[in-house]
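*Asks:* Given next are the chains, with one letter for each unit.
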Amino acid sequence: MVKVALIGAGKMGISHLAILGAHPNVEVVGVSDTSKMVLDVFGKYSSFPCFTNYEEMIKVTKPDAVFVAVPTKYHATMVRKVLESGKHVFAEKPFCLTSEEGKELAGLAKEKKLVNQVGYHNKFIGTFKEVKRILDMNALGKVVHFTGESYGPVVIREKAETWRSNPEEGGGCLMDYASHVIDLINYLLGTITSVKGAMLESIYSKNVEDAVFCMLELSTEVTGILSVNWSDETYRKMSTSITILGKKGKIICDANELKVYFKSHDCPEGYTKGWNIRNVTDLTDSVDFYLRGEEYSAQIDHFINAVQNQTPSPINDFYSAWQTDHAISLIKKNSIL
Amino acid sequence: MMDRIIFGDNQFFAVNHISDEKSRAQSIRFKDDSAIIQTLDLAIDNGVDTFMCTTHDRIENICDHIRRNPKRYEDFKMYPCMPYAHKYANAVTEMGYAGTLKHFVPGNFMGSLFKGGMAFLSKDYLSIMELLVDSEMKMFKGIQTPVIFLQNVITDLLLGLGMVDILAAFHVYVKKKYNAEAGFITMNLPKLLTALESRGIENPIICASINKAGFRMSGGIGAYEKALRTRKVRVMAMQVLAGGAIPPREAIEYVCNLPNIESILFGASSAGNIKQTVSLINEHSMQYEMH
Chain A
1 MVKVALIGAG KMGISHLAIL GAHPNVEVVG VSDTSKMVLD VFGKYSSFPC FTNYEEMIKV
61 TKPDAVFVAV PTKYHATMVR KVLESGKHVF AEKPFCLTSE EGKELAGLAK EKKLVNQVGY
121 HNKFIGTFKE VKRILDMNAL GKVVHFTGES YGPVVIREKA ETWRSNPEEG GGCLMDYASH
181 VIDLINYLLG TITSVKGAML ESIYSKNVED AVFCMLELST EVTGILSVNW SDETYRKMST
241 SITILGKKGK IICDANELKV YFKSHDCPEG YTKGWNIRNV TDLTDSVDFY LRGEEYSAQI
301 DHFINAVQNQ TPSPINDFYS AWQTDHAISL IKKNSIL
Chain B
1001 MMDRIIFGDN QFFAVNHISD EKSRAQSIRF KDDSAIIQTL DLAIDNGVDT FMCTTHDRIE
1061 NICDHIRRNP KRYEDFKMYP CMPYAHKYAN AVTEMGYAGT LKHFVPGNFM GSLFKGGMAF
1121 LSKDYLSIME LLVDSEMKMF KGIQTPVIFL QNVITDLLLG LGMVDILAAF HVYVKKKYNA
1181 EAGFITMNLP KLLTALESRG IENPIICASI NKAGFRMSGG IGAYEKALRT RKVRVMAMQV
1241 LAGGAIPPRE AIEYVCNLPN IESILFGASS AGNIKQTVSL INEHSMQYEM H
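Note that the protein sequences, when read in sequence, are chains A and B. Those letters in the first sequence? Residues 1 to 337, by the numbering used here. Those letters in the second sequence? Residues 1001 to 1291, by the numbering used here.
Treat the hints as calculated values from the structure; they're not laboratory data. Mixed in with the good hints, there may be bad ones.
[Claimed, not checked] Below, a list of computed lysine to any residue pairs in the SDA-like style, where the Cα atoms sit at most 25 Å apart: (1) A/Lys110 x A/Asp317; (2) A/Lys11 x B/Lys1071; (3) A/Lys273 x B/Ile1018; (4) A/Lys11 x B/Val1105; (5) A/Lys11 x A/Gly293; (6) A/Lys196 x A/Met37; (7) B/Lys1087 x A/Met37; (8) B/Lys1212 x A/Lys36; (9) B/Lys1071 x B/Lys1141; (10) A/Lys36 x B/Val1153; (11) A/Lys112 x A/Glu130; (12) B/Lys1031 x A/Lys196; (13) A/Lys237 x B/Asp1020; (14) A/Lys142 x A/Glu101; (15) A/Lys123 x A/Ser264; (16) B/Lys1022 x B/Val1105.
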C-alpha cells in the first residue's frame, strides 16, 4: 500500500481524493485544507484524518507521497517543502507562477530521485495517446504545420472576481486553460522555442485575459498556431483539439474522436488510405474506478505505479511541466512587445 | 417496476461522448423546445412512456408543456437526474463552496448558518442536501416522478470519498418527501452496490453503463456480469451501444440476455432510430422472457 496525503481539497483536490480513496493500492493517510467547512465535512462523513497544517500532517502521517492541489501561487513553497521532506509529489497544473521556480523544483526532485508528476491529464486520453503513437512512428511524414485549440465556457459574463481573475495568482486563460494545449504541443510535436504575434485578449474579465492567440515555433522547426478562448459558451465544457498537417497525411484530434487522413496505403496497421475515424470508446483502457473521465484515474495509476517501483517517469514530470511554464512566459513576454 | 424502455435526454443537450461535431449538430437541431417535444412525442407514440432527464434549465419548459396537456401525457413519467453538475461546478469556480451553497440553497438557511461562523452539525449538512434536492425538484411539480436519480459525478465522488451516509440519506429523503424511489447513476456498479448494501439499502436501483464492449464498466465487465448474476439489484442499463462501437442488434441482444436488467435507457433523435431501437428491445426482451 502506498500512503498518500493530500494538500488542498478544492475542486481538483476532491476529485483526486475520491480516486485515491477508491484505489486498491492506496491508503489516504491525511487531508489538509484551510477551509473549516471542508474539514468539517470530511471529519463527519469520511474516514480520512484531517489537518489544518500540511507540514504537521506530513510529520504525523509519514506519507510515501503527497498530492499538492492548492492554487498555483503556493506550489513553489509547498512542493519544495514536500520534496525536502523526502516524499514523492503529484502537483496540480499549472506548475509554477514563474519559470525559474519550476526549474529549481525539477532539479530538486531529480537530485532527490523522487517521483514527480503534474496533472496534465490530456496525455492519458486515448485519442491523444494514439496521436503520439502515430507521430512517433513517423507515419505522418514531415510535420508541416499545426493548430492547437481549446474553447470552453468558464467566464461567459462580467462577474465577481476570484483568484482566477488575479494575474498574480495564476488566474487567466493563459495559465489556467491554454497551459493544457501548450503542454500537449510540447509533448506531441516538439518543445516551444519561440513565440510570435501573441495576443492576450480580455473579453469579460477586467484584470486577466480570456483568450490567447499566437504563433509558435518548436525545437523541431515546425510552426503552428495556438488559439484558446475560455469565454465561448457554444462549448458545453472544455474542448481541446489539435490539427496536425504532415507531408503524408493529416490528423484532427480531440478528447473524443481521432480523425486521420493518409495520402497513400503506406500507413500504420489498422489504418487505410483516406480518412480513418477512431473514437475514444475503442482507444480507452478501462480503469478500476471512474470519475469524470478515465484519464484522471489513469494519471493517478501512473503516479502510484512509479512510486511503487521507485522509478520516476518522464511523462508529465516536473521538467516537462516547467517547459510548459517556460512557454507560457514566452507568450507573456511576446504579448507586451 | 420501472418501464422496460426509458428515453434519455443526452441528444437534446449536446451531450455526445463520441464526437464534438455531432454534439454541435444536436445543439443546432434542438435549439427550440418544440424540437425536443416533437422527439419526445415520437418516443411516446412508439410506446415509451418514461423520460429520464437532467435537471437542466430547459427541462422546466418541457415540464410546463406536459402540465398544459394533461390528457396527452396521462401515462407519462419523468425520472429526474440531479444535479445538473455543470451549473454547480461553474458556480464553485466563480463563488467558492460557501458562495455556491448560499446561492443555491433556498431561503435563509445558509445565511443564518454562516453568520457568526457557528459550527456545523451533521444534521445541517443533510438539511442542505435536502434543500438542494427540493430546489432541483421544483420544476417537476405535478408530474409523476416515481424514481429520482443522483448523477454519476456526485454518486461516484461520494463513493470514492467514502461518504456513503450521504447516499443513504438521499435514499431516505426522496422516499419520505416525494414518495419516490432513489436511483443512483454510477460508472462503478459493483463498488457502489457493496457500499449501498453496507448501509442496509437492499435491491437498489442503479443506472450504469452495460455493454458488450465493457466501455465505462469500471473494474471490468467480468465484475459487472458477476454482480448482475449473483446479487440483488435493479439495473437500468445505459450506453448499451458503447457510443456506436457495437451494432444495435448485437448490443441489445447482449443486455437483454443479462439477469437483473430491469430497464434499458436510450436516446435518439430520428423517428427511424427510435422505432428501430424500441422494436429491437421488445423483440429481445420477449425472447428473454420465454427462456
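*Asks:* Each hint needs a verdict: does it hold in this structure or not?
*Replies:* Verification of the supplied hints:
no.	hint	in the structure
1	A/Lys110 x A/Asp317	holds (10 Å)
2	A/Lys11 x B/Lys1071	violated (45 Å)
3	A/Lys273 x B/Ile1018	holds (22 Å)
4	A/Lys11 x B/Val1105	holds (19 Å)
5	A/Lys11 x A/Gly293	holds (15 Å)
6	A/Lys196 x A/Met37	violated (46 Å)
7	B/Lys1087 x A/Met37	holds (21 Å)
8	B/Lys1212 x A/Lys36	violated (46 Å)
9	B/Lys1071 x B/Lys1141	holds (17 Å)
10	A/Lys36 x B/Val1153	holds (24 Å)
11	A/Lys112 x A/Glu130	violated (33 Å)
12	B/Lys1031 x A/Lys196	violated (39 Å)
13	A/Lys237 x B/Asp1020	holds (11 Å)
14	A/Lys142 x A/Glu101	violated (35 Å)
15	A/Lys123 x A/Ser264	violated (28 Å)
16	B/Lys1022 x B/Val1105	violated (35 Å)
When each numbered hint is compared with the structure, violations occur for hints 2, 6, 8, 11, 12, 14, 15 and 16.
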